Each structure stands twice: as C-alpha cells, then as structure tokens.
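So the sequences go chain by chain: A and B.
Here our numbering is used: the first residue of the first sequence is 1, the next is one more, and so on.
Here our numbering is used: the first residue of the second sequence is 1, the next is one more, and so on.
Keep in mind the hints are simulated off the structure, nothing from the lab.
Since this is a predicted model, take the numbers as computed values, not measurements.
One thing to keep in mind: the hints can contain errors.
Partner residues are not named here, just some residues of chain B that face chain A (Cβ under 10 angstroms, in silico) [as the list claims (entries may be wrong)]:
#: 1; residue: Met1
#: 2; residue: Gln27
#: 3; residue: Arg35
#: 4; residue: Pro475
Each residue gets a CB set at the ideal place from its N, CA and C atoms; glycine is no exception.
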Amino acid sequence: MKRPTRRNFELLLLVMAWGLGVLGTVQVGWATGEGLHPRLWITAAVVGVLALIAHLIVRWRVPYADPLLLPLATLLTILGLVMIYRLDVAAAQRAERVGAVPPTPDVYNQLTWYAVGVTLFVLVLLALRDHRILQRYTYTAGMVGIILLILPLAPVIGTTVNGATLWVRVGGLTFQPAELAKILLTIFFAGYLVVTRDSLALVRTRVLGIEFPRPRDLGPILVAWLVSLAVLVFERDLGTSLLFFGLFVSMLYIATQRRSWFVLAGALFAIGAVFAYLAFGHVRVRVQVWLDPFAYADTGGFQIVQSLYGLANGGLLGTGLGGGYPSLVPFANTDFVVAALGEELGLTGLIAILLLYAVLVERGLRTAVAVRDPFGQLLAAGLSITLAIQVFVIVGGVTRLIPLTGLTTPFLSYGGSSLVANWIIIALLLVISHRARRPLEGQTDDASMPTQVVSR
Amino acid sequence: MTRSIRRLSVVLTLLLLALLVNVTIIQVYQSDDYRARADNQRVLLEEYGRERGPILVGADPIARSRETAGTLRYLRVYPEGEKYASVTGFYSIVYGATGLERTENDVLSGSSDLFFVDRLQQLIAGRQPRGGAVTTTIDARAQNAAWRGLQGTSGAVLAIEPSTGRILAQVQAPSFDPNILSSHDPASIRDYYESLLDDSAQPLINRPIVALNPPGSTFKLVTAAAALSSGRFSPDSVLPGPAEYDLPLSTRTLRNWTGEECGPDEQVTLIEALAQSCNTAFAWLGNELGADALREQSEAFGFDTAFTTPLRASTSRFPDSPDAPQTALSAIGQFDVRATAMQMAMVTAGIGNNGIVMEPYLVQEIRGPDLAILRTSTPKEFERAMTPEAAADLVEMMVAVVDRGTAGALRGITTPDGQAVSVGAKTGTAQTGRDGAPVAWIVALAPATNPQIAVAVAVEDGGDNEVSGNAIAGPIARAVIEAALR
Numbered sequence: 001m002k003r004p005t006r007r008n009f010e011l012l013l014l015v016m017a018w019g020l021g022v023l024g025t026v027q028v029g030w031a032t033g034e035g036l037h038p039r040l041w042i043t044a045a046v047v048g049v050l051a052l053i054a055h056l057i058v059r060w061r062v063p064y065a066d067p068l069l070l071p072l073a074t075l076l077t078i079l080g081l082v083m084i085y086r087l088d089v090a091a092a093q094r095a096e097r098v099g100a101v102p103p104t105p106d107v108y109n110q111l112t113w114y115a116v117g118v119t120l121f122v123l124v125l126l127a128l129r130d131h132r133i134l135q136r137y138t139y140t141a142g143m144v145g146i147i148l149l150i151l152p153l154a155p156v157i158g159t160t161v162n163g164a165t166l167w168v169r170v171g172g173l174t175f176q177p178a179e180l181a182k183i184l185l186t187i188f189f190a191g192y193l194v195v196t197r198d199s200l201a202l203v204r205t206r207v208l209g210i211e212f213p214r215p216r217d218l219g220p221i222l223v224a225w226l227v228s229l230a231v232l233v234f235e236r237d238l239g240t241s242l243l244f245f246g247l248f249v250s251m252l253y254i255a256t257q258r259r260s261w262f263v264l265a266g267a268l269f270a271i272g273a274v275f276a277y278l279a280f281g282h283v284r285v286r287v288q289v290w291l292d293p294f295a296y297a298d299t300g301g302f303q304i305v306q307s308l309y310g311l312a313n314g315g316l317l318g319t320g321l322g323g324g325y326p327s328l329v330p331f332a333n334t335d336f337v338v339a340a341l342g343e344e345l346g347l348t349g350l351i352a353i354l355l356l357y358a359v360l361v362e363r364g365l366r367t368a369v370a371v372r373d374p375f376g377q378l379l380a381a382g383l384s385i386t387l388a389i390q391v392f393v394i395v396g397g398v399t400r401l402i403p404l405t406g407l408t409t410p411f412l413s414y415g416g417s418s419l420v421a422n423w424i425i426i427a428l429l430l431v432i433s434h435r436a437r438r439p440l441e442g443q444t445d446d447a448s449m450p451t452q453v454v455s456r
Numbered sequence: 001m002t003r004s005i006r007r008l009s010v011v012l013t014l015l016l017l018a019l020l021v022n023v024t025i026i027q028v029y030q031s032d033d034y035r036a037r038a039d040n041q042r043v044l045l046e047e048y049g050r051e052r053g054p055i056l057v058g059a060d061p062i063a064r065s066r067e068t069a070g071t072l073r074y075l076r077v078y079p080e081g082e083k084y085a086s087v088t089g090f091y092s093i094v095y096g097a098t099g100l101e102r103t104e105n106d107v108l109s110g111s112s113d114l115f116f117v118d119r120l121q122q123l124i125a126g127r128q129p130r131g132g133a134v135t136t137t138i139d140a141r142a143q144n145a146a147w148r149g150l151q152g153t154s155g156a157v158l159a160i161e162p163s164t165g166r167i168l169a170q171v172q173a174p175s176f177d178p179n180i181l182s183s184h185d186p187a188s189i190r191d192y193y194e195s196l197l198d199d200s201a202q203p204l205i206n207r208p209i210v211a212l213n214p215p216g217s218t219f220k221l222v223t224a225a226a227a228l229s230s231g232r233f234s235p236d237s238v239l240p241g242p243a244e245y246d247l248p249l250s251t252r253t254l255r256n257w258t259g260e261e262c263g264p265d266e267q268v269t270l271i272e273a274l275a276q277s278c279n280t281a282f283a284w285l286g287n288e289l290g291a292d293a294l295r296e297q298s299e300a301f302g303f304d305t306a307f308t309t310p311l312r313a314s315t316s317r318f319p320d321s322p323d324a325p326q327t328a329l330s331a332i333g334q335f336d337v338r339a340t341a342m343q344m345a346m347v348t349a350g351i352g353n354n355g356i357v358m359e360p361y362l363v364q365e366i367r368g369p370d371l372a373i374l375r376t377s378t379p380k381e382f383e384r385a386m387t388p389e390a391a392a393d394l395v396e397m398m399v400a401v402v403d404r405g406t407a408g409a410l411r412g413i414t415t416p417d418g419q420a421v422s423v424g425a426k427t428g429t430a431q432t433g434r435d436g437a438p439v440a441w442i443v444a445l446a447p448a449t450n451p452q453i454a455v456a457v458a459v460e461d462g463g464d465n466e467v468s469g470n471a472i473a474g475p476i477a478r479a480v481i482e483a484a485l486r
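Chain B with its partners taken away, still in its complex shape (with noise of 0.2 angstroms):
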C-alpha cells in the first residue's frame, strides 16, 4: 500500500500547488483589479476608517473629522464651510477631493513621508496611520471680513502679508457648502453637485486664484513700476493727459472715464494720472515705454509664472505682441491683459515690501499626528521687481490715490486705538471682464509704510464706471484692511 500512498500524495501536493498559484494570482496579479473596483467598500473605508488631520486657522479647525455611527468611520465637516470653502476644498467620496484637501492629503491622511517615525510604527505593527495637521496663513479676522463683504455678489478678494508672501485672506463668491459634497451620501452628493454646476455664477470656480480678469485701472501700478523703473519718469514728470488719446495707427480714440481732460493745458503729473486714473496719459505711457517694457515689469511681478500656494493659481498674462494700439489698450489693463486677484494682490505686496515680490503661500505648518511641528513654510523671494527707491515713490503716488484720488472709500482708516493709518491705492475697472460683465477692482496697501496688509478685491458684474472700483469694492478692502491690523 505503500506505493498508492505515495501516488495520492502526489496527487494531493498537486492540488496544494493549485491552492498556492491560485491565491498568488488573486493577491498578487489580481489585486489592483480587484481593489479598483466600485463595489469595493475596503479603499474607501481605509480612506474613511482613519482619523484625517485638521486643517486649522490659528487654534481653529476650518475641516476637521468627526467619528459617526456609519459604515464609514469618520465623516468630514467644516464648521465655516463657505466661507472657507476656496482654501479647504472639498473631499468627497463621489468627486474626490479639491483645494488644500487635495494638495495636502499625504498630511491630512498620515501617509506622508514627514511622518517617518509613525509610519515605521505603521509598517512594524500594522497600525492605522493617523493624520497630521494643516496649519493655514489665513486670518480669521480678515477672511471674515472679506467673506461678509463679499455676501451677494460674484466676486474675489486674496490678501497677502506683503514681508513675507502668506496668504491673509483668500474667498469666494458666491461659494459651495465643502458639508454636503463631503458627506457620506452619494445621492445627495450628486444633486448638489449638479445644482452648483447648473449655477450661472458659478460656485465651484475657485475665483480669488482661477478667475482671470482684465485687471483694468489697478494695473496703471505695473505701468508706472515701469516707468519709474526705466529711469525716465518720477512721480512729478509731466505727461500729456487730453481728453481723448488718438490710438496710433487706427481711427479709434481712448478716452477718459471723466470724458475730460486730465489736468490744466492737457498736461498732468505721473502721480496726478495715477490718483485720477487717467487712461490718456497712461495709454501715452505705455506706448512710450514699449510692449515690451511693460510685459517686463509684469513678469517680474508674477505674471506668466504659474504659482502654487499649493493650490495651483492660473496664469496671469500680458499679451505676447501687441502693436502700438493695443499696447496703449494693455498699459490701462484691457485689450488681453489677464490677472486673478492674487496676482494683483502680488502686485501691490511687492510695492509695499521695498519692490521685492514675495511668493504667495497658504500653509503656515504641517504637524505631526502628535501635534509636533514638522516644517514651517519660509517666505520665498519670487523676484525684485523695482528698486526700492522707485517702490517708495510708487507707494507715495498709492496713497495720493486714497488722499485726493479716486480710492475715497479708504479714506480715514484708523487703528483701533485711533491712530490715522496711511493707506494706499489703486481702484480699477475692466469694461469686459468674463461673460463680457464689467468687473470692479480695487488694490490697497496699508500701513503705506512697512505694510501689514496687501489686498486685491474683484467683483464681477460691478457696474461699468471708474467710480464702482471705489464704490463696490472699496468698502470691502476697507473691511478687510481694518480687520487685519486690528
């Protein structure tokens, strides 16, 4: 019997092999395809069953995670979720994830490789890995009051600490409640989503950082860095400032939003036209820096360069080769002049801050699971876009915009201890900003000296006067500039 023993246990280590390729192939060749699928709960629950690290303002968590009854563990909740919803994004099970949520998942997830000693526990024992912190550079003050300022309208504002490049205040509107895309039900997920994409104001486009607008009036700043840059101009050089500017080579006249001339005899200083914001003179000024001197100066600003703050920005642009007409067009921030509101924000940061452009950044700290700092973000220079010399003038001719110009609105700010604080300015406004609606603007700066606060304010749909700059986003980069340096 020997023999027809050892025969079956040839059969039987055959049938071991069979169990042994099998499981191989399952685990090994299959597995992806097996995880990939829809009906799989184990990713999403891996994804669900760890605690994911907030992501905080200060002391206070703007997204955090919250354990529930359901199948999956931990639910997302935003406890101001509109009103931060542009700089937390959303995390979804149907959509996946967008803004910091996104950018910053290895943290928030504890996957990252700055939690080495955690994810060596991870490994050695199998522990689920817990999440790390996201510290922002907002102020809870100035988003707040960006966001109240910003109620009813269609619209941005990104303000930026001018020394170092953090990002203040970054909101838009309208917004999207991150609580319902985030939730655990998919059916109510999708009809909100279908509700936000069906919106004519478009709720979903993060607008202080994606939207491009022609910037307008607001960059007259970039055409004057470039005059004074150049070395032929100061704020008292004289320009010719008439009613009407005949575009070269065309038929067509510009004229001022006043419909009048610009100063005595058609002339005006460079500090006048800027606190008048006059289009004839800057329109002259452009041509006679050239295109090319303009685009310059707006590189060393920001434009042409995509940032990521982590949130990848758009690209603001200064067209590639205009001619003389389009050139006067572009030097008063039309024809196809492009900028989000942070990259005006950069503008007017870089003016304050001595003429060095600092790059824009919305993440203060990553911490541990353990609330142990990991890395502390450092201001990175972008580029020096003026001397400094030139910077003060240009801060000088700023305030005259606020003091005797067309930025009234920001008249009169003070501290709150009553001291009167400097601010200057620049108000703006584009005839056809996207879907051909005027958009107003304003850029502000305060202190003017050893500036706090560099805020750039959009508001689509505001009216089509040089006025409305002032009117409609004045009061809020007011509201904004007094939170900050309260």
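Okay, chain A solo, but in the shape it has when bound (with noise of 0.2 angstroms):
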C-alpha cells in the first residue's frame, strides 16, 4: 500500500493562503478608499507563483514531507505582505494630505525578499538530500555562526539602527547576519549536543533533591552564556540575547534530559538580567517602560502605549483591514506589526495567527519526535523552538507580558534577512520531516522507487 504523501492537501491549502490574501488586498483598497491597486493582479500572480514553485519542490525533492509547514508560513508571509501594504497605503494617504513625496512602497521589497527566500528554500531542497549531512559540518556551522553574530561589530560594515548594532551593510544592502546565526548555531548547537550529551548527562552532585551536572561539564553552558551576554552588552541587541540563551538551554534539555539544566540557566538569567539592569541605561528604561509604559507615554512607553491602543481599538472583532490607525504605532510593519494586525483583526484575527504559529511550531517538535536520528531530533526541536521563543519574545513585548525587546515576528514583519533565514529553517524542517514520514523500508533517498508493501 502506497503511504499518501498529502501533497495535494498542501496545495489546496496554498490555494487557501492565497485567496485569502487577494481578499485582504482587495478589502484594504475598499476600506481605505483607494479602490483596487492597479498592480493587484500582476502581484497577486507573482505570489501565485512563488507559492507553486515551492509546492512543486516540495512534490519532487520532499514528497513525503508535512503537508502542513509549508502552506503555514506561506499564509504568515502572505498576510505579512497584505499588512505592509495597508501600512504603505497609509503612509501614502498621510503623505498625500500634506502634500509630501509619497513614500516608496515597502511592499515590493518585501515580495522581493520573498522570492529570495523560496529561491534559498528551493537551493535548501535542492542541495540537501538528508540533513545528515549538515552533521559534518557541526564547527565550521558553530564558527560562521559566531562570526556572523559579532559581524554587527565589525569597522565600516557594521551598522548601529535605533540603537541596537545589528545590521551589516555591504553595497545598498543591508542584513541582520543574527538571522542566520541562529539557524547555523542551532545546527551547532545540534550536531555538538548529539557528541557530548552522555556525558554531560552525568550525574555527580545532588542538592536539594535535584541532581546537577559536574562542575567541568558546565564549560558550555557558561559558554553560551558569555556569548549571549556580549551580544547584549556589545549589540545591546536584548531579544537576540534571550533568542540564544533561551535556545541553547532547551536544547540542552532535549539532549540531556536533565531538568537540573533549567536550574542553572534560570540562576544565570537571573545573574545576568540583575547585572545587565543594574549595568545598562536601556535595559532599566526597558523595565520601567514595562511596569508603567503611561508613565513613560510621551518618550520611552509611546511605543507600547500606541500598541496597546491600538489593540484596544481592535477589540473583538477588530476594525476590519484598512479600518484602523495601525500607522500610529511607531515600527508597525517591523517590531509592532502584531499590534498592527490586532487592530484590524481584532482578537480572533490575532489568536487565529497566534494559532498558525502553534500550529506550525508544533508540526515541527512532531516532525523531531518522529525522525529517527537524534541529530535530526535536536535540530528539528531547535529549530522550531527558535521560532516559538522569538514569536513569545516579540508578542509578548509588543502586548506588554514581558519587558519589550527587539526581535522580529517570523514571516510576518518587514525585514528580508528575516523572511529569508525563516524559509530556510522551513526547508530544513520540510527535509527532516521527509526522512521522518517516509515509508521505513526507504533505505534509499529516491523517493519515486517503486513502493513497497510494509507491513505495520
């Protein structure tokens, strides 16, 4: 019996994702009175396309790949691009009223980096037939991955934006090099894991009930830790901090098993949160900012406080898309853009979207606790959690659970390197999910050879 590859499923979900944007383009143009954009078609159709061609890659190189990852981070972009557009629609109506050149649209530079990022996830497909592979190369991952963490601070290349020093600009281009670090390093962080988590699994002491590592097997954790705090005080970039921090200790928890992990790391999150407060000037705004943003409403708080705002706007139901004010938040197409969505989607548009991301976050811890390899296993675990921590981070930010801190929101936010490092960590769980959901006699990798009978 042929096992369903479901990958008809998957494109009539694209379809879905794909109706559902031409829908809220075209409700943005009526509610915002612009009518239907000129260009919506010819868009539309571009979309269409990019969509397919990942479709179509994922049929041949992934057939038997979860049918569920790729059309959930093709509606994320897509409703990403649908709101930059509303939020560009704006900006061009304020320009208009006090007779200023219009801005250019952001929107055609994100549908850029969009087919940039199904061109990578197609390479991904392409060059990777078995993320095995990417074992071999645990240290040059781990190397390239710091380097591009402290690329920021590199003379002339490395760029300082509202503060934080996280940009490289080469040419006109600018990146976030953090994007990718975080997917080389959670393949570091894999592949070095799988090597030494017996050991570090050992057990010598025992306090209080709870058995802890032995004191030379701290060293990477301590490691990491040390990364992550010059990231803070070097980058003063807090989210990415957090993102490394965060991810490194629940992988360390995967591999080992071992919850003493959590205790420690929580000590030294507690270490360095208190040092980092009491040490830096930003950080204590940010706290402040946290506890009483009205009080802060004029200068540091104005940010959430709009945010907020704005989400109260949105209510239940929201102001439907073009019926709001998500250009007064400040970043509304970046950092803010959940806030943004909220507004016009009101709470079930938001909880919807918080669902995609479950959802998809989900289907990725699924996919590692169904391949077979524990490399496979740590890096499918670690790569969805990064989009689960970085979605925590930043939503919890912008509706004020926790301190704000910049990081972007997958697929949604304006941002290519972004869009482009979270289609890469799609392809790569797309090629672990293949290999886990494949018939198990599949000794080789040509998946069109002919099916064979299992019995199960």
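Starting from the two chains in their separate frames, assemble the complex, guided by the hints.
So this is what it looks like as structure tokens:
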C-alpha cells in the first residue's frame, strides 16, 4: 500500500492562503478608499507562482514531508505582505494630505525578499538530500555562526540602527546576520550536543533533591551564557541575546533530559538580568517602561502605549483591514506588526495568527519526535524552538506581557534577513520531516522508487 | 529525547496560553479603559477621520467638513458661523458638541440606523462610515434679516411657518463663532470659550429657545384667546378700562402705560383694549376668567410642555396657583409668567393657523451619504388651542394692533409687487426680564389671512416703555416678515 504523501492537501491549503491574501488586499483597497490596486493581479500572480514553485519542489524532493509546514509559512508571509501593503497605503495617504512626496512602498521590497526566501528554500531542498550531512559541518557552522553574530561590530560594514548594532551594510544592502546565525548555531548546538550529551547527562552531585552536572561539564553552558551577554553588551540587542540563551538551554535539556540544566540556566539568567539592569541604562528603561508604560507615554513608553491603544481599538472583531489606525504605532510593519494586525483583525484574528504559529511549532516538534536520528531530532526541535521563542518574545513584548525587546515576528515582519532565514528553517524542517515520514524500508533516497508493501 | 521534547512542548503551550490570555485581557476587558484615555488619539481620529455630513439651509451648507493636512483629517467649518450658531451649535474636541451638531450626530457622523445599507457595507467590508446631510427648515432670507436686525443688541428672533410648525428663523444675539470652537487647536478653543463664559452678555445662551423672559403684553394674546374661547366675550365686548386698576386683596394699583383711561367713561371694547394694550382692562379680564382658564389656555398654546425641535427648548411657564392680584398681573404677562421667544411665536402661529398649534421643528430632511432622502419631517399638530371662529376674531384684533394700535412699525408692509399685506401683531414690554433688565417684545403674523410667517422678537435691555416693543423689536419683525414674503 502506498503511503499517502498529502501533497494535494498541501496544494489546497496553499490555494486558500493565496485566496485569503487576494481578499485581504481587495479589502484594504476598498476600506481605505483607494480602490483596487492597479498591480493587484500581477502581485497576486507573483505570490501564486512563488507558492506554486515551493509546492512543486516539495512534491519533487520531499514528497512525504509534513503537509502543513509550507502552507502555514506561506499564509503568514502573505498576511505580512497584506499588512505591509496596508501600511504603505496609510503612509501614502498621509503624505498626500500634507503634500509630501509619497514614500516608496515597502511591499515590493518584501515581495522581493519573499522571492529570495523561496529561492533559498528551493536551493536547500535541491542541495540537501539528507539533513544528517549537516552534522559533518557542526564546527564550521558554529564558527560561521559566531562570526555572523559579531559581524555587526566589525568596522565599516557594521551599522547601528535605533541603538542596536544588529545590521551589516554591504553596498546598498543591509542585513541582520543574527538571523542566519540562529540557523547555523542551531546546527552547531545539535551536532555538538549529539556527541557530548552522554557526558553532559552524567550526574555527580545532588543538591536539594536535584541532580546537578559535574562542574567540568559546565563549560558549554557558561560559554553560551557569556556569548549571549556579549551580544547584549556590545550589540545592545536584548532580543537576540535572549533567543540564543533560551535556544541553547532548551536544546541542552532535550539532549540530556536533565531538568537541572534549567535550574542552572535560570540562575545564570537571573544573574545576567540583574547585571544588565544595573549596568545598562537601556535595559533599565525597558523594564521601567514595561512596569508603567503610561508614565513614559511621551518618551520610551510611546510605542508600547500606542500598541496597546491599537489593540484596544481592535477589540473582539477588529476594525477590519484598512479601518484602523495601525500607522500610529511606530515601526508598525516590523516590530509592531502584531499590534497592527490585532487592531484591524481584532482579538479573533490575533488568536488565529498565534494559533498558526502554534501549529507551525507543533508540526516542527512532531517532526523532531518522529525522526529517528538524534541529530535530526535535536535540529528539528531546535529550529521549532527558535520560532517559538521568537514569537513569544516579540508578541509578549508588544502586548506588554514581558519587557519589550526588539525581535522580528517570523514571516510577518517587514525585513529581508528574517524572512529569508525563516524560509530556510522551513526548508530544513521539510527535509527532516520527509525522512521522518517516508516509508520505513526506503533506505535509498530515491522517493520515486517502486513502493514497497510495509506491514505495520 | 522524545520525552523531553514532549515536556518542553508543555512549557511552550503554557507560554502560548499566557499570550492568548494577555491579548484577551487587553482587547476585551481593558479595551474601554484604553479607549477612554485622554491621550488616545484613535477615538478622536476616528471621529475626525471621516467626512461628517453637512448641515444645510436650502442647498447651502451652514456647517460642513473640510479636509485638512493635519492629523485630524477633517475640520468643521461654518461659512456664516455667528448667524447660524443658534442652529448648528459647535463641534469641539474640547467641549463636545452642541446644537444640531449634537442632536443629529448619528446622521452627520454616519452611524444612524437610517443608513442601513451603508452600515451593512461597513460591517462586511470594514468601511469607514460616511456622514449624512441634515437639511434645516430655516429660510435663509428670514434668518438674514433677523441676524441683521439683532446686531448690537442682546436678544432673540424665532419665526415659524404657522401651518406646519417649520422654524424659518432662529437667531441669537450676541452670538459666537463656532469656527473657533470647532478648530483643532485646544489652546485657542479654551481661550475663546473662557472669554465667552466671562462675557456678561452670555453669548453661549441659545436665547430664542432657552432664554425665559416675562412675555409682558404679548401674553395678552393668551388672555384674549381665553376670553374669546370662554364664549362670554367677543371683540366688541365692553370692558372696564380705568387709568388705574386696584389689585384685589391689596393696596397696590396697576396703571396703564399711558397713565390714562383706555376709553371714554373708563370703558373700552376688547378689540380696542388689545390694540392700545390696555393693562387695566386685561387685568380685570384675567380675574374675570380666573387663573385656571388662563393656565389652560396657555398650556393649549404650549406652555408647560418641553419641546425638542430637536434642540431642547426651555419650558415656558404660567404660575401654579396665583392669588387674585397675581392673576391680574399674570394676565398681562408679568408676575411669574415666563416664555421663550419660540413659545410666543407658537402662540402667534397657533392663532394664525385657525387655532391649531403645530409642533415646531428645525430639521426638514435627513439625507443619506449618497444624498438620497431618507426621512422627511411631517408637520405634527400639537393641540387645538382655539376654535377657528375665535382664532379669526383674534387675528382681526391683532390686525387692529398694527393698523391703529401700538404696533405701528408694521404698518404699510407690501409684497414685492406692491400689494398691501395686512399684518397682525402684538407688542409688549416686560419690566423685569432676566437680570432685571426690561425686555422689548413684538409678535407678528403675516399675511393676516392664510399667514406664512409668525415671528417673535425679544430684545433685552430694550427700554421700559410699551412703545419700546414697537420701536426696538418692531423694525426687526418687519424686516423678517418682508424677507420671508419676498
């Protein structure tokens, strides 16, 4: 019996995601009084072709992969494009009112980055038949990852924007190397932990009923902690710092199954947090603004207050796309895209979006559970966890659950590095998923080989 | 590792739950608190971000929205602000809205249930609502004449079409400029508003419908109506008309404004008593009819009823239980009788409309955002105050007031093609108006047969002599009538 690949289901979901995007765009045009955008159908065609290419390459290269991963990523990307278009309209209308030169729309840039993302997605699927190959490059990935992480500090090309040194400028292009670094470091962590997990899991001491690792095995976590602190100190990027430390600790826990790592990590995090609070003004401001944003409504709290007002304005059902004032929130199309979506799509829409992420992460973790090699397990879990942590940190920040830290919202935020990196993550998850789900006896990589009957 | 991944996924689920609970709290439970915060621009932007419908006189806007380059997208402008302030009110980011801007806000802002189709589109498409238009009953010419006539005074003009109750003119003086109060600059709004509050002439009071003054001798119309309605009196009935009337139960006397008797042998007919505004005859008549009859008649004309046009008018009053001398004073519109200009216009209009008082109204039509007429006001009868016969007698008496009595200012009015128009009127002077200042009154009806306009003019601080009603208020009424008949 042939095992179902579920590719047609995937195609159906992709068509629905595309249709939602077209409806959203039409809605924006109607509600803002702009009418149908003259380039709507060209844009929609480009998006459709990109989604179709991604689908066909999946059908060809990883036919047994999870059918939800690609549609979820595509839908989130399309939602992001619609919101960025909507904010472009707001900016253009504002410029028209004050008689200024209309700003260049962002949506075409984002569309280009989506195309680049899909290209890299295709390249990964073409080049990487088996994720286990990546294990060979464990230390290379670690090296390159660290270099990318500190690249913004390099003279000439490093760039500081809004106080955070996160960007690298080469020629006219800027990108955030940390986005790529997070993938490379996940590969490194996975490869490294597969080898060392047995010794790291060894127990020596037992304190208060919790088993603690041997002191000499503390090296790796201390290094990860110091690197995270370095990112915080030198690049002033709280979000990335948090992401790396959280990712490493989670993977360490998965690899060793020792809860004591969490206790240790918690202690280290507390020390780091107190140190950062005492040592850095910008961290202190973030915390104070978090505790009482309205006291700083005109200064540091402006963004978060505007974000809360936007969300409140949306209420249960939202103002409808094009009906709200999402452009009142600074950085509405990057850090605060969730506030913009929450205003116009309401609580209903925001919950739906959070559930899209939840399903995406869940499918990633399911892949991790299903794949048979430990490296694949760690890699899939790690990649899923980066998505989860990133969503939690930025959405929690924007909604004032936790202090605000600058991180992009995967797939939704305007910005090339983040979009491209997240599409690479989806490609990697698909490769692993394909291996996890394809028929058991298929020892060869050739999926088109005659189907064998497997009794289960 | 499967087990630790599963455990970790439980942690991630908890984080997700925290996010979901948090956004639910913000968007549902705290939503109203956030919206109500003073520094939340969204509520204002929403209100000012959509084009508010115009308020129209005929086809011309007296209030409309103009697009601006500011953050608040639409600015409310009033092309003839002061002249129409009594009608439009203002639309302020600091002090809210008044006048039709307040009462017709649903229509103007586009949130009225009348705009069902448009609202359905909004709901489905999330479109911004568009405002509808409100057409007033105001006659631009009459309004113009009233506004010009009141310049330099404190007073009010209110004119009604007797057969329908349409308000043709509603002017207050002094007035204010709603353009300044409706601007987008809170500081200048506050400054201006404070200066209006400090102004002793009280320009923020909507005098035609809110200011209550003793109606003075114009109230004799109500007393005369009660007399005719009683069946005991006709215009030719002879009444005692001495120079002084001894107020019953007191040592005080009431004098005629001329200081002389109203007719030979201290006798005067009812029609002459009205024409000459004979206080002693009407004081006597008041006690003869009794306070209850006077109150009943006044209530049939609209006293003791709160009218909304849809602007809320003050309730005009006849005193509750006056004794005999108080009844005598009330019969000539003094003591505790209080009336708005609108109320006295209604009395006049009711007499002219064969005794039927129509409810006054200011809004003629509601138009949707697409300018389709969604609602047209239909005239509503308030009450029959007099029989047609009694009303015809009283009109005849009012014509005598103009032709040979105290309202000489209205003599000789002609139509544009030169035809004489017979006009009925009554003058009055209340010795103590608001703040103790005398008020000069005139009410008039034109043409006397099949009248098109009933107008009431009240000018505060307008002299203290019966002549002043004619001299000060008369020319204003004349100008309004001439404008309306053109």
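So, going through the hints one by one against the coordinates:
no.	hint	result
1	Met1	holds (5 angstroms)
2	Gln27	holds (4 angstroms)
3	Arg35	holds (6 angstroms)
4	Pro475	violated (49 angstroms)
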